[in-house]
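Trainee: Here's the letter readout for the chains.
2 protein chains.
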Amino acid sequence: MTTDPLVVFTPSGKRGRFPVGTPVLTAARQLGVDLDSVCGGRGICSKCQITPGYGEFSKHGITVADDALSEWNKVEERYDQKRGLKPGRRLGCQAQILRDVVIDVPPESQVHKQVVRKAASARVIEMDPATKLYLVDVDEPDMHEPTGDLERLARSLKREWGIEAIRADVTLLSKLQPVLRKGKFQVTVALHKSHQDDVARVLDIWPGLHESGLYGLAIDLGSTTIAAHLTDLVTGEVKASSGIMNPQIRFGEDLMSRVSYSMMNPGGDKEMTKAVRDAINTLAGEIAKEAEIEPHLIFETVFVCNPVMHHLLLGIDPVELGQAPFALATSDSMTLEARDLDLTAINPRARTYILPCIAGHVGADCAAVALSEEPGKSEDLALIVDVGTNAEILLGDRSRVLACSSPTGPAFEGAQISSGQRAAPGAIEAIRIDPETKEPRFRVIGCDKWSDEDGFAEETAVTGITGICGSGIIEAVAELRMAGLMDESGLIGSAEMTGTPRCIPEGRTHSYLIHDATAEGGPRITVTQGDIRAIQLAKSALYAGARLLMDQRGVDKVDRVVLAGAFGAHISPKHAMVLGMIPDVPLDKVTSAGNAAGTGARIALCNIGARAEIEQTVRQITKVETAIEPKFQDHFVAANAIPHKTDPFPELKKIAPLPQVSFNLGGGDSGGEGRRRRRRG
Amino acid sequence: MTTDPLVVFTPSGKRGRFPVGTPVLTAARQLGVDLDSVCGGRGICSKCQITPGYGEFSKHGITVADDALSEWNKVEERYDQKRGLKPGRRLGCQAQILRDVVIDVPPESQVHKQVVRKAASARVIEMDPATKLYLVDVDEPDMHEPTGDLERLARSLKREWGIEAIRADVTLLSKLQPVLRKGKFQVTVALHKSHQDDVARVLDIWPGLHESGLYGLAIDLGSTTIAAHLTDLVTGEVKASSGIMNPQIRFGEDLMSRVSYSMMNPGGDKEMTKAVRDAINTLAGEIAKEAEIEPHLIFETVFVCNPVMHHLLLGIDPVELGQAPFALATSDSMTLEARDLDLTAINPRARTYILPCIAGHVGADCAAVALSEEPGKSEDLALIVDVGTNAEILLGDRSRVLACSSPTGPAFEGAQISSGQRAAPGAIEAIRIDPETKEPRFRVIGCDKWSDEDGFAEETAVTGITGICGSGIIEAVAELRMAGLMDESGLIGSAEMTGTPRCIPEGRTHSYLIHDATAEGGPRITVTQGDIRAIQLAKSALYAGARLLMDQRGVDKVDRVVLAGAFGAHISPKHAMVLGMIPDVPLDKVTSAGNAAGTGARIALCNIGARAEIEQTVRQITKVETAIEPKFQDHFVAANAIPHKTDPFPELKKIAPLPQVSFNLGGGDSGGEGRRRRRRG
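Quick note, the sequences are listed as chains S and B, same order. Each residue of the first sequence is one higher than the one before, starting from 1 at the first, in full-length UniProt numbering. Each residue of the second sequence is one higher than the one before, starting from 1 at the first, in full-length UniProt numbering.
Be careful, since some hints might not be right.
The list treats identical chains as one, so a pair stands whether inside a single copy or across any two.
Here are the simulated DMTMM-like cross-link-like pairs (lysine to aspartate or glutamate), alpha carbons at most 20 Å apart as the crow flies [claimed, not checked]:
1) Lys158 to Asp232
2) Lys86 to Glu453
3) Lys438 to Asp67
4) Lys623 to Glu151
5) Lys270 to Glu77
6) Lys574 to Glu253
7) Lys158 to Asp332
8) Lys557 to Asp332
Hints in this document: simulated from the structure, not taken from any laboratory.
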C-alpha cells in the first residue's frame with residue numbers, strides 16, 4: 001500500500017497528503033492555504049503562482065525530489081511566453097503533485113496580502129476589500145429551459161465561487177448581454193459584498209479576463225482640505241495621493257460659520273453640498289489622471305469626515321449640529337451608491353462607505369483615528385489628539401475608550417494669527433530664541449537651513465519669508481516662554497523688562513519681532529499679544545478636552561500621547577508641552593501618527609472586516625460632550641496659563657526652562673477670557 | 001373568586017377572557033384578531049373602530065349588559081366632535097372591557113381588508129401591501145447618550161411596532177430632522193418592506209399623524225397601450241384608472257418591428273426607453289390629477305408587460321429577444337427604485353416591483369394572468385388565452401401548468417383589416433347576418449341600438465359609422481361562415497353563388513359589403529378576402545399555440561376556456577369558436593376574465609404575499625417555445641380552415657350552423673400561406 005504524497009505549504013506551515021496528480025491550487029484550497037486565483041484554476045489569471053522548494057527540508061522532515069511536481073504543461077509554457085513567469089515559479093492550478101513537496105506561497109500570490117503602511121506605525125493592512133474580481137464561465141441560454149442571462153450568471157457564480165446571491169443595478173443590465181456574448185460566455189465580474197448584506201452586487205462585467213485593475217478612493221474630507229488616496233483594491237498599493245481645497249471655505253472658514261451660513265441663507269446647505277460634491281468629482285478625476293487609470297475603474301470610495309462635513313456631503317442641513325443637543329441626523333455607518341452623492345466622475349455603480357459618527361461633535365474622522373490607532377487595544381493609557389480646526393480627542397486602553405471633540409479654532413493652522421499663513425514655501429515652520437541674547441533663528445518651508453546658517457538668504461530669495469505657519473507659531477510662543485520674554489499668563493514683556501529691542505510696543509501691549517523684511521518689500525513678522533491670546537484659547541480648549549476625558553476616566557496622568565492629523569505630524573512635542581497643549585508625559589512618550597484619519601479610511605477601504613470592527617468599536621466608546629460639561633470651563637480657565645496654572649508638569653520641567661517672570665504691571669487684564677490671574681513672585 | 005369578563009370578536013369568532021379594564025384593542029391583539037391601528041393605541045388614527053353588540057347572544061352564550069364597556073372618554077368625545085364617529089361605534093383603543101361583551105370588527109377596521117374585484121370573478125384581494133404607515137413616538141436626542149435621529153427612529157419602530165431593521169434613502173435624511181422637530185418627535189413614517197429583504201425602507205415621513213393616504217399604481221405596459229390603476233394602498237380601492245398610447249408605436253407597431261428598429265438604429269433602444277418612461281410619467285401625473293391626489297403620495301408601482309416592453313422599460317436593448325435562443329437579460333422579478341426607471345412624476349423614493357418573466361416570449365404580463373386566474377389551482381383543465389397583438393396562452397390545473405406565446409399579429413385589434421379601426425365610438429363591434437336574406441345588422445360603439453332598430457341613424461349621426469373594431473371583425477367573419485357566404489377554406493362567394501348583391505367582386509376575389517356610407521361622405525365598410533386571410537393567420541397562430549400546449553399535456557380537449565385581455569372581454573365566445581380561435585368546449589365553459597394582466601398587477605400591488613407566490617409559480621410553469629416546435633407549423637396549417645380542417649368541434653356543431661359550401665372554382669389558391677386545400681363535397 002502506497003502513501004499519498006505529503007505537501008507542506010510555507011509560510012503557513014499547513015500540510016496534508018493528496019492523491020498523485022492533485023493540482024497545487026486544489027491542495028491549497030482544501031487545506032485553507034491563502035493562495036489567490038481569479039480565474040478559478042483555468043491558467044489564465046496567473047494569480048496562483050507558487051515556488052516549489054527542492055532538496056532536503058529537515059524542518060518539515062521532507063526531501064523534495066526534482067520530479068516532485070508534474071512537468072511544465074502547455075498552459076504554463078504559453079503563459080511564460082506571453083507574459084513571463086519569474087524563475088522557479090509555477091502556476092498552482094497547473095502544477096500537479098507527484099511526490100512529497102514543499103510549496104512556498106509568495107506574498108503577491110496571497111489573497112489577504114498584507115500591506116505595510118507607509119507611516120511609522122507597525123500596523124499592517126490585510127487585504128480583504130468589499131469589491132473583488134471573479135472570472136466565470138456562464139451557462140449559455142437554452143430555449144428549452146429559458147432563464148435570464150443574469151440568473152445564469154448567478155448560477156455559475158454560485159457553482160464556481162460559492163457566491164450565494166447576486167443583484168445587479170439596472171444600469172448593469174444594459175451591458176450584460178453584449179459582454180456575455182463578446183466574451184463567449186466567459187466574463188470577469190466585479191462583485192461588491194457589503195459586510196451588512198448577504199447579497200453581492202455586480203458592479204461591472206468584462207468579456208474574458210479583466211486585467212486593468214480595480215481601484216478605490218480613501219477620502220479624508222476635512223473642513224479645509226479634501227485629501228484622497230487612490231488605492232489598488234487588489235494589491236493595496238497607493239497609486240496616487242492628492243488633495244484639493246474644500247470649496248466650502250467660501251461659505252465660512254470653520255464649521256460653525258458654515259452652520260451659520262446654512263441658518264442664515266435658505267438653501268445654503270444645498271449650495272455647500274453641491275460645492276463639496278463637485279470638488280470630490282474634480283479630485284477623483286485629477287487623481288485618476290495622475291495615476292494614469294480609467295476613472296471608471298474606481299469602484300469604491302470611503303469617506304471620513306467630521307459631523308458637519310458628513311451632513312453636508314449627504315445633503316443634510318447641518319443646523320441641528322450648531323445647537324444643543326447637537327443631534328446627528330444619522331450616526332451609523334452607511335453603504336451608498338455613487339449616484340446617491342452625485343459622484344459622476346467614477347464608475348456609476350461604485351459603492352461608497354462612510355464610517356460611523358461617534359457623536360454630534362465627534363465624527364467619522366475620529367472613528368477613523370480610532371480604527372487606525374486602536375486605543376481600545378492599547379496596553380497603556382493612550383491619549384490621541386487629532387489636531388485641526390476642531391480637535392478630536394480619544395483616551396483609552398483595553399478596558400475603555402472615551403472620546404470628545406474640542407473647538408480649538410483655526411489658530412493652530414496659522415489662521416487668526418497676525419503673521420499667520422498656511423504651511424507653504426516661505427512660511428516659518430520652526431524657531432529658536434536664544435535665552436541669553438533673546439535673538440531668534442528660524443527655518444522656513446522650502447529650505448533646510450536655519451536662518452543663521454550660510455546660504456539661507458540665497459536659498460530663500462525666491463520664496464521670501466512670508467509668514468508663520470501652525471507649527472511655527474506654536475514654537476514661537478513656547479520659545480518666548482522658555483526665553484523669559486513672555487510670562488506664565490501669556491504677557492509679552494517690554495524691551496525694558498526683557499532687555500531686547502525685539503520686544504516692541506503695540507498699543508498697550510508688546511509684540512516680539514522675528515523678522516523684518518520690509519526693506520526687501522516683504523512683511524514684518526511679529527508675534528503679537530493677540531497671537532498669544534489666540535494660541536492660548538486654542539491650547540486651553542485642547543487641554544481642557546483631554547482633562548475632561550481624564551476626569552471621566554478617573555486619572556490625572558496618561559502613559560503616552562499620540563499627535564494625529566497632518567498638522568500633528570509637524571508639531572514639536574517639546575514645544576507643544578511647553579505650551580501646555582497636551583498633558584505632561586516623558587517626551588519620548590509623545591509620538592506622531594501622521595494622518596491617522598486618512599489611514600483609517602484606507603484600512604476601511606482595503607478590509608471589510610475593519611468596517612464591522614469600527615462599527616462595533618464606536619458603539620463601545622464613551623462619548624463626552626464638552627459643550628455641556630461644567631468642568632470644561634474650569635479646565636479651560638486653568639489651562640490658560642503657559643503651561644498651566646495648577647498642573648505641575650514635572651516631566652516638562654526636567655527638559656525645559658520655564659523662567660518665573662511676570663510682566664503684569666498691576667493694571668487690568670489685557671485680554672484673557674474670564675481668567676483670574678494673580679501676580680506671582 | 002370572580003371570573004374575568006369574556007370577549008367574543010365577530011366575524012372571526014375568536015374569544016378570550018381579559019381583566020376588567022383591558023382596552024378592546026389590546027384584547028384583539030392578544031387573540032390575533034385582525035383590528036387595524038396606525039397610531040398604536042393613542043386614539044389618534046381612528047383605524048381601530050369597533051361596534052359592541054348589546055343584549056342576548058345565544059349563539060355565543062353571552063348576554064351583554066349596557067355597561068359592558070367603559071363610558072366614552074375624552075379622547076373619544078374629542079374625536080367624535082372633530083371628525084364624527086358613526087352611531088354605535090367606539091375606538092377600540094379607548095373602550096375598556098368591564099363585563100362580557102361581543103365586539104364586531106367592521107370590514108374597514110380590518111388590516112387585511114378584502115377587496116372584491118370589480119370583474120365577474122369571485123377572487124378577492126387581501127390587503128397586505130409592501131408599504132404601510134406607522135405612527136411612532138421617537139425618543140428625543142440626549143447629549144449624554146448621543147445617537148442619530150434615524151437610529152432613534154429605528155429604535156422606536158422596533159419597540160412600538162416590532163420592526164426589526166430600517167434603512168433610509170439619502171434623500172429622506174434631508175427631511176428627517178425638520179419633520180421630527182415639527183411633529184415634536186411624533187411622526188408617521190411610510191415603510192416599504194419587500195418580501196425579498198428583511199430591512200424596511202423609510203419612504204417618507206410626516207409630522208404627527210399622516211392622513212392624506214398612500215397610493216400605488218398597477219401598470220399594464222402593453223405594446224399598444226399603457227393602462228394604470230391608481231390604488232389606495234390602505235383600502236385597496238381603485239381611485240382612478242387611465243390609459244395612454246404607448247409612444248413606442250412610432251418606432252414600430254408590433255414587438256418585432258421595435259426589436260428591428262433597435263437592431264437597425266444604434267441607440268434606438270435608448271430612444272424607445274426614454275419614450276416609454278416619459279409616457280409613464282405623463283400617465284402618472286394625469287391619473288393623480290384625475291383622482292385629485294398629490295403625485296408624491298404614490299409610493300409604489302407594479303409593472304406587468306411582455307418581455308420586449310420589459311427590457312425597453314429597464315433600458316435593455318431587446319435585440320436578443322428577436323432571435324433564437326430568445327435569451328432574456330433577466331427573468332426574475334425585480335424590486336427597484338423610482339429613479340432606476342426615471343419615474344420623476346411620483347414620490348422620488350417610491351419602489352417599483354416588476355413581475356417575473358416566464359420565458360423569452362412569455363412575459364411578466366402572462367405571469368400576472370397566472371396570478372390573477374390561478375390555473376395551477378384549477379380543479380378542471382383550463383385554457384387561458386390573453387388575446388392581444390401577441391397571445392399569451394396558459395394551460396393547466398392543479399397538477400401542472402404550461403405556457404407559451406403565439407404571434408397572432410394585430411388583426412384581432414382591427415389592424416391590418418381594410419375597414420379596421422381601434423375600438424372607439426363609431427366602430428362596428430357586433431354584427432349578425434340573416435342566413436336567409438344574407439342581410440347584415442350591426443351595432444356600433446357608442447349606441448345601444450342595432451342598425452335595424454328605430455332611432456339608430458339618429459343616435460349614430462354624430463359619430464358616424466367609421467369602421468370595424470377587433471370584436472366586430474371576428475363576428476363578421478364568423479357570421480359570413482354561418483350564413484353560408486364564406487366556405488370552410490375562407491373564400492367569400494360571388495353574388496351569383498351566394499344570391500346576394502352584397503358579395504361584390506374585388507379583383508379576383510370577393511368582398512362582403514356591410515355598410516355603405518359614401519352617400520353621407522362616410523366610408524364603404526366591407527370585409528375583404530384579404531381581411532379573412534389576416535384573421536385566419538391570427539386565429540391559426542392562437543389555436544396552434546393552444547394545441548401545442550395540449551400536445552405537451554397529452555390531451556385533445558380542455559374543460560374550459562378563459563378569454564383574458566381587455567379585448568378578450570368583448571369577444572363573443574360563440575363567434576370565437578365558429579372561427580376556431582379556441583378549442584371546442586361547451587359554450588358556457590367559455591368565460592371572460594377581463595383585463596387579467598391588469599388585475600394581476602393590482603393583486604401584486606396590494607398583497608406582498610402574492611409577489612412571493614407568483615415568483616414560485618413561474619418557476620414551476622413548463623415553458624413551451626412555439627418558434628422551435630416543428631409541430632407548431634402543422635397545427636398552424638390545420639387551423640387555417642374555419643373552424644378547423646380536422647378537429648371535429650362537436651360542441652360547436654350543436655349550437656351553430658356551418659353550411660357545407662365551397663366557393664373554390666378549381667383554380668389556384670387565392671391567398672393562404674402554405675395551405676393545401678382539398679375540394680370538399
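Trainee: Each hint: holds or not?
Mentor: Going down the list of hints, with the structure as the test:
no.	hint	result
1	Lys158 to Asp232	neither (26 Å within a copy, 40 Å between copies)
2	Lys86 to Glu453	neither (50 Å within a copy, 97 Å between copies)
3	Lys438 to Asp67	neither (78 Å within a copy, 97 Å between copies)
4	Lys623 to Glu151	between (47 Å within a copy, 16 Å between copies)
5	Lys270 to Glu77	neither (59 Å within a copy, 46 Å between copies)
6	Lys574 to Glu253	neither (29 Å within a copy, 82 Å between copies)
7	Lys158 to Asp332	between (31 Å within a copy, 16 Å between copies)
8	Lys557 to Asp332	neither (32 Å within a copy, 63 Å between copies)
In terms of the numbered hints stated before, the structure departs from hints 1, 2, 3, 5, 6, 8, listed from lowest to highest.
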